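Quick note, the sequences are listed as chains E and G, same order.
First residue of the first sequence: 37, per the working numbering; consecutive thereafter.
First residue of the second sequence: 24, per the working numbering; consecutive thereafter.
Hints were generated in silico from the structure; no laboratory data involved.
Here the structure is a predicted model, which means the values were calculated and not measured.
Note that the Cβ used here is the ideal one computed from N, Cα and C, for glycine as well.
Some residues of chain G that are not near chain E, with every Cβ distance over 10 Å (derived):
1. Leu144
2. Gly170
3. Phe172
4. Arg188
5. Gly212
What the simulated footprint calls covered on chain G by chain E, stretch by stretch (three residues with Cβ under 8 Å from a Cβ of chain E suffice, anywhere in the stretch; the number is not a length):
6. 153–162
7. 237–250
8. 266–279
9. 285–295
Each chain, written out:
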Amino acid sequence: MGVRILPGDPALLIMGTEASPEQAAALRRALGLDRPMASQYVDWLAGALRGELGRSIQYDVPVGGLVLSRLRVTAPLTVLAALFMAAVAVPLGIYAATRHGRSGDYVAMVLSQLGIAVPSFWAGLLLILLFAVRLGWVQAGGFDGWEGGLGRGLRALLLPALSLGLIQAAILTRTTRAAVLEVLRSEHVRTARAKGLSDRVVTWKHVLRNALVTIVTVVGLQLGQLLAGSIVLENVFYLPGLGRLALGAIAARDLPVVQGVVLFVACTIVALNFAVDVLYGVLDPRIRHG
Amino acid sequence: MCSIRASATGSGRWARAALHHHRSLALGAALTAALIATVLGSFVYTPGDPLLMDIGARLAAPSIAHPFGTDHYGRDLLARVIRGARPSLAVGAVSVGLALGLGVVVGTVGGYLGGWTDEALMRLMDAVYGFPAILSALLVTAVFGPGLFMSMIAVGIASVPVFARLTRASIMALTGQEFVVAARALGAGDAAIVARHLLPNTLSPLVVQATISVPMAILAEAALAYLGLGTQPPLPSWGLMLREAQNFLAQAPWFAIFPGAAIALAVLGFNLLGDGLRDALDPRGGGLARRASARAPSASAGRAGGSPRRRGR
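Same shape as in the complex, but just chain E (with noise of 0.2 Å):
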């Protein structure tokens, strides 16, 4: 609802300054702006709920198709950040954990610290300045859609990908490690290295089994993290997605747009928790028969 009381008349932004108001008043009718915003807003609501997201102003073509298209770059830069975050973090974790105390484990934790601090679009750039400016390796932005093939648009993401990654990826650093040395330090461990077991079976069969509830808890919130944070790294590398569609939308007054993509990162976040409550079960039958 509060989206439209936002500043701006999308009337007057259709139809340009030059329109009459009487003009403008026809536009706010056919557009139904005129009418009381809760009655706007239950309507938006059922339309919502039948899949029907509105028309967008900007572009005048239906608001969930244009969602879905910009997926197209969004979804694929989730992912990739998400395999880039999970890759570096639980085997950094775990190392971090299995050295505890040791120079290993504090080298992980500065690391980890440092990936904190630094803000995703600051890193977007500071790669952008090593890896496209000064070594040429990758274009410094953009996407040319996947149809100059697979390889092309991995390439355009792999950067982004890798800067909306790093904040995430220290985090989960710091859970994989607080959570592999919480099993660490349980009975059954003890009695698992007692019965002679190596470190290496010890580590992959009973501590990482048990620790990772708590890690894919985190995991499963934090792709709600990165997919907010296409929003910015988007916006970093020009990339024509979810983000810059918001963006661009919020700077056109176009609302429905606006709303659509509010809706569809909501639902995205919740359906994740949803699968991540169903993922506990498989991964710990005691809260499957619990």
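Take the given structure of chain E and dock chain G to it, following the hints.
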């Protein structure tokens, strides 16, 4: 012999951990103090005018005259980085203050009254919490227009649920404690019990959370300013400076390096301070105290027998 060596190794490890612990706390406090001193000092002195343009000196490399170089309008970057600390700290302080204030009220009402009031308030907090901070910040600034004040409000609202949940948990844990029952038996009213007995005992986790929330607010403010939704030109802000620097990465890399480093150092300082404080104020006698008690059980037993109020923390 073996046990002596093991004990010596254990002591060494503990000492190293203690040193590390103090070092990060000290480093965090030093960085945070430097940031606050920079902001306060900027009201008295900045090396040059952060708004003064000098087109002849545009994008000048770092030199003695301009230690951080100049931007695309020839403005001194050191002066702008120093002046740019103000919005960061302002958003950090005001938004966390707002979140703390609202969160304590919501958490106290929910935790103390319980029942449907608590349910309704917590579901509302869940809804706010599930919404990523940057998205709600975008919405608030989109509705009410961009600017520093709106950044503060937006970031503050996004942080309310954490403080509400912490306060509620502490209040619920404390409500059944003997000293609260005793206060009630002595005729204290609800308001007096909450103000004089419950709230003072919820302070330490809230202080730690506030320290942890400030760097998040600084990052959010920087991101909003970078998107053009926070501080507006020509006033300097670290995020806004990075937005301007993006078009000149090849010609003037220093333009992007110094404001970004300032954000990272400010966030690092508050994070280290928050971590150190959390260890020091851990209700389970965490951090160094927990490690010490693991080594000397008798000493920890003595310490555990503190006052009920202390244990309630």
